[in-house]
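J.: This is what each chain is made of:
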Amino acid sequence: MSFIRLRGIGVSPGIGMGEVCFSERVVFTARKEIIPRARVRWELKRLRKAAERTKEELLELKKDVSTKMGEEHAFILDAHLLILEDRALFSAVEKIVEEERARAEWALSQVNRKYQNLFDSLDDDYFRQRKFDVSDVLSRIYGNLEVKKPPKGNACDSRKTILVAHELLPSEAAMRLSEGNVLAVAMDVGGPTSHTAILARSLNIPAVVGLHNITQQVKSDDYLIVDGTDGEVIINPPLAIKKEFQGKKEKYDKYFRELKKTAKLKSVTLDEVRFCPLANIELPEEVNMAFSFGAEGIGLFRSEFIFLQKETLPTEEDHFSVYSRIAKSVYPLPVYIRTVDIGGEKSLPQLKIEKEPNPALGLRAIRFSLKNRDLFRTQLRAILRASLAKNVRILIPMITEVEEIGEVKLLFEEVKEELEKERIRFDRQIPLGIMIEVPAAAAIADILVKEVDYISIGTNDLIQYHLAVDRSNEFVSYLYKPLHPSVLRLVKFIIEASLREGRDVTVCGEMAADPLSALILFGFGLRKFSMNPIFIPRIKKTLRSVELRTVEKAVEEALGLKTAQDIEEHIIERILLKHPKAFLMGQAI
Amino acid sequence: MVEKEIVVKNKLGLHARAAVKFVNMANRFSSAVKIVKDETEIDGKSILGILTLAATQGTPIMIRVSGKDEEEAMNALVKLVNGNFGENE
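Residue numbers (the working numbering), protein chains in the order written: chain A, 9 to 597; chain B, 94 to 182.
If you're looking for bench data, these hints aren't it; they were derived computationally from the structure. Yeah, the Cβ is synthetic: ideal placement off N, Cα and C, and Gly gets one too. Honestly, I wouldn't trust all of these hints.
[To be verified] A partial selection of chain B residues facing chain A, derived with a Cβ cut-off under 10 Å:
#1 109
#2 112
#3 144
#4 148
Please construct the entire structure, taking both the sequences and the accompanying hints into account.
T.: Right, dumping it as structure tokens:
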């Protein structure tokens with residue numbers, strides 16, 4: 009057994025160690041075993057028993073997936089149940105047992121091969137891929153032929169294992185990850201925003217993706233370490249490395265438990281000033297996880313994934329089912345739904361968006377929505393329909409000028425009238441807010457804020473645009489500094505302009521999740537911090553261990569300094585002097 | 094026996110989700126249901142039959158129903174297909 013270390017992208021933190029289980033569960037046999045004629049009836053009975061057990065298994069799984077993930081993910085199991093009960097399929101298996109006097113294992117394998125060939129001959133790629141559904145069901149029956157000793161390699165159902173796959177379809181991911189026996193995930197393809205990555209994060213399953221060819225490097229008996237924190241996968245580690253990671257795992261698990269405890273504490277500073285941690289999420293499934301980390305609402309719900317679910321454009325019902333589900337599960341707390349931020353580099357296959365020379369400065373977010381009004385209307389209608397319980401808010405991304413707000417409002421009113429005519433009920437007082445990510449908008453925040461009900465500052469884009477730095481570009485990323493005095497002046501101006509008008513203001517960007525930056529924002533008067541939920545406990549910990557007065561004073565002094573580094577040093581020094589525990593974070597995630 | 098030719102209009106064609114709905118609907122009736130595409134005839138109560146038809150958007154199919162409740166069955170199935178399987182597109 010060779011020892012290999014692979015680098016990938018860590019998309020869900022934590023460490024998982026265990027044996028490999030491939031996502032293809034197919035383990036058909038190539039050996040034909042003839043049985044005596046007298047045993048044929050017994051063999052058929054064994055086959056039917058296995059089919060019954062498979063049915064129970066699928067029904068159980070379906071119930072599980074619909075409660076944990078929602079109805080729409082469970083449909084694939086309906087399909088599998090129908091395949092199981094398909095007369096053509098099952099009678100083909102029985103026929104082989106009867107006519108060839110072969111064991112059921114061989115019959116299942118033969119029928120599987122027949123269907124693989126049949127589906128392979130189809131012209132359409134989608135229908136060709138359905139062969140995996142057939143072999144999924146047949147191999148489940150196969151596995152159920154033996155009750156006590158499940159066949160080797162097909163035993164992932166009962167044991168806890170590491171799931172290794174080239175790629176997982178959303179339905180597969182939902183199904184596999186909700187079964188509760190996946191220790192970690194390692195995939196050839198995928199990125200941090202792939203459906204599997206998001207799901208893994210929400211279920212606290214360590215995951216590394218983008219490993220290129222891990223499926224070719226591992227065999228089914230291999231032992232794997234998946235380090236989702238550092239993005240590393242180790243195949244067949246020697247004992248010393250195994251021990252090292254065991255220690256790392258214990259440390260992480262302890263840290264994680266510690267964080268969860270913090271999540272339950274009240275969000276107030278030492279001098280009883282209230283603050284409000286909110287969560288940025290991408291899937292309705294993430295709500296419970298966000299709450300478990302202490303989120304007091306969803307500050308940013310990114311709606312892009314709705315467009316990634318299918319090969320076609322989402323319908324109003326697709327949007328609505330997601331929004332109403334999330335509104336219900338968050339109620340009575342608020343959820344801020346950001347209208348779609350696509351275009352630019354976040355392209356969609358369905359839309360055939362033209363390549364632009366400079367996508368970051370191109371047709372994206374609200375610019376895209378105002379150009380594709382039908383899509384925008386569909387989304388607005390669905391959001392409005394989900395707003396009846398009055399906890400839904402709208403966020404318009406990438407506003408540059410006042411005129412855009414005017415256009416959005418006009419369209420918004422049209423859609424509202426439409427719904428009223430159709431006698432569809434919604435929250436008539438639903439507020440409207442914008443995201444400030446463009447420096448030009450930041451500089452006129454005092455004007456913009458008068459037009460809307462609240463403001464959300466997207467610091468990641470704002471800083472990139474303001475400093476003219478692409479932080480993924482290694483040659484210039486050193487210039488990306490959230491504490492650049494100019495960034496701080498800009499953000500301070502937006503926060504103060506909003507508060508002066510009595511409007512709510514939130515920061516949803518990495519600044520809100522970084523303890524030092526969060527303290528500065530708090531000093532500016534910010535009270536709503538929206539971030540990836542896993543960072544909420546650490547921000548709570550920091551803010552709970554300081555006094556507003558100390559922070560305000562330190563921040564005021566820091567604003568007179570010349571460089572980001574001076575500012576950082578000054579704040580740390582001043583805060584620690586009064587509150588030595590402010591930055592006690594334990595191990596970083 | 095009744096038969097009717099219709100065109101699959103929804104964007105994804107007779108894909109898995111639609112096939113599930115079709116089979117479940119067909120199973121509510123005692124009549125035999127067949128779907129014919131080009132030269133191929135398949136059992137309309139078999140999901141694998143439907144999936145291997147690979148009927149994409151715009152494909153004309155013939156539905157054949159025979160049995161005691163053939164009229165009701167045909168109406169229900171045609172309504173399902175013409176209603177794009179409740180998918181709005």
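J.: Each hint should be assessed against the structure and marked as holding or not.
T.: Hints, one by one, checked against the model:
1. 109: 5 Å, holds
2. 112: 7 Å, holds
3. 144: 5 Å, holds
4. 148: 9 Å, holds
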